[in-house]
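Undergrad: Chain A is fixed; fit chain B onto it per the hints.
Residue strings, one per chain:
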Amino acid sequence: MMMNNPSKNQCNVKPGTVIHGKWHRNSYAVIKELGFGANGTVYLARATDGQVALKMSENPMSITSEVNVLKSFAKVQGSALGPSLLDVDDWEYPDGKISFYVMEFIKGPDLLSFLQKKGSDWLGVLMLQLLKDLQVLHSNGWVFGDLKPENLIVTGPPARIRCIDTGGTTVSGRAIKEFTEFFDRGYWGMGSRKADEQYDLFAVAMIIINAAYLKRFNRAEGGRAQLIKAVQASPLLKKYEKVIDRALTGRYISASDMRADLLAVLQPSKLAAPAPKKTVQQAPPPTRTSRSRQASVQKKKKGGMAETAVILAVISLIYFFYLYSQLV
Amino acid sequence: MKTGTLKQVLLITDGCSNQGEDPIAMAALAKEQGVTVNVIGVMEQDVIDDQGLKEIESIAMAGGGVSQVVYTQQLSQTVQMVTRKAMTQTLQGVVNKELQQILGRAKTVEDLPPEQRGEIMEVVDELGETVELEVLILVDTSASMKHKLPTVKEALLDLSLSLNARSGENSFSVLVFPGKRGEADKLLDWTPKLESLTSVFPKLTTGGITPTGPALREAAASFRQKRSLRSLLSSDDEQSFEESV
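Chain order of the listed sequences is A and B. Going by our numbering, the first sequence wraps up at 328, each residue one higher than the last. Going by our numbering, the second sequence wraps up at 245, each residue one higher than the last.
The following block holds chain A by itself, in its conformation from the complex (with noise of 0.2 Å):
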């Protein structure tokens, strides 16, 4: 039987203490705890090559349903998003056993604290990162449902963000397995809980508004309305208005049709707008083979255009001399 009360920390390990894996025999010391949720408590602790996170929970099935995804992440070439599965085990002590799993130690602050400490101008950059890893992980078929600053770490530098938790991981089309009020489309009324593209761009949308109001506001009249109100009245998010607004109500069709978006919001338009013509016009770059073959083409071109002349020349003469001998 489950029983969880708000005050109940579940499982209790103290720093020092050394867990042993019965399948796969690694040993790991826990070091400090890192932080602890519904779905268990991760640990920061010591093994052979290096400092890893670890996380367990009485419920065995809830770590399964973690790697699951975990290995799903693995599969999908070039997503950073999510830490790197290390080992799954259980541990045998003296009074029970517990299931945990060893994942890549992502050390770094979370998104909010690293904002406020490095400056606004660091939102959009991160945004921009984290909206292609979403479409890297939406194009393989999953939504990652829980997005949430608490759930983003910035490492480096080079500032790179990375997510922590991906227990609300969703296949695609079903049904979200957890969220988080604040940032969950159904919670302010504006669509479904299938998890899609959009729940996720929703999300993001949601988490450029926590930058600027750091006090989650709760819903009052709900939807569209309220939450434009709130993004008018913030300096920081009046440039991001209209990517905002698009996301909330799910106009985006794609993670990278959002950063699109975003991308020309943060480039400011006099730099932005001769950019893309050069790249036009410089499309295809002009090799050494092609410009000479341009320049025969022309040579040829010339050379048609003094040949007609002279047979028009010779056959106008021979015309005159026609005239001229039925004349005479």
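Derived by calculation from the structure, the hints in this document are not laboratory data. As the structure is a prediction and not an experimental result, all values here were calculated from the model.
Some residues of chain A that are not near chain B, with every Cβ distance over 10 Å (derived): (1) Ile31; (2) Gly35; (3) Pro94; (4) Asp95; (5) Ser120; (6) Leu126; (7) His138; (8) Gly141; (9) Thr155; (10) Gly156; (11) Gly167; (12) Ile208; (13) Val314; (14) Ile315.
Output of the computed footprint for chain A on chain B, the stretches with three or more beta carbons under 8 Å from beta carbons of chain A: (15) 112-119; (16) 165-178.
Yeah, the Cβ is synthetic: ideal placement off N, Cα and C, and Gly gets one too.
TA: Same frame as chain A, now just chain B:
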């Protein structure tokens, strides 16, 4: 595996029963009929008393379900989470039972190496998405619950939003206790649309007593009635998880 119907009672209360049968025994009775009983204890800023807490945990344990005590503000998120958790728990029980038949007596999912557990979890996930679900919501409307009822309504609408995102079918029914005449009143009969609750909920009057036990008995009976009605309509006998749990 044929997907049957998951039957759940979701009891929302804020304290101790004070009339009628023992609610823990009634929860056990429900479990015997293949109905899982989950309990959500709703607190105000004050802390719920030990006796109430103990009762909440014991009802869920006897009913094979999940219990959670929350502050009123967190109710929405909790209601959907508890329902989901209870579903997974019941489905895991079913899958475990099947496995025992295949693998031999003492084997459960946890006895398998982690690699094979993953595949089983995928089956549980798949079932959770597609299984037919019947949720009977049992709301305590004793005097102390009065000002929490608007939040309860919000939480139930939120629940329907979560469950309706699944591809499986849902039906909901709402009972409130104490009832005007009997122990519990049916506020909403079995329907796939919990949203219709909005119109009936504000009219609720609150009573003084808390007959949790009798209300739980009524709740379990309500599933049976539904089944018998349905078996009249369709001749194909519906396999439910009742037998396997």
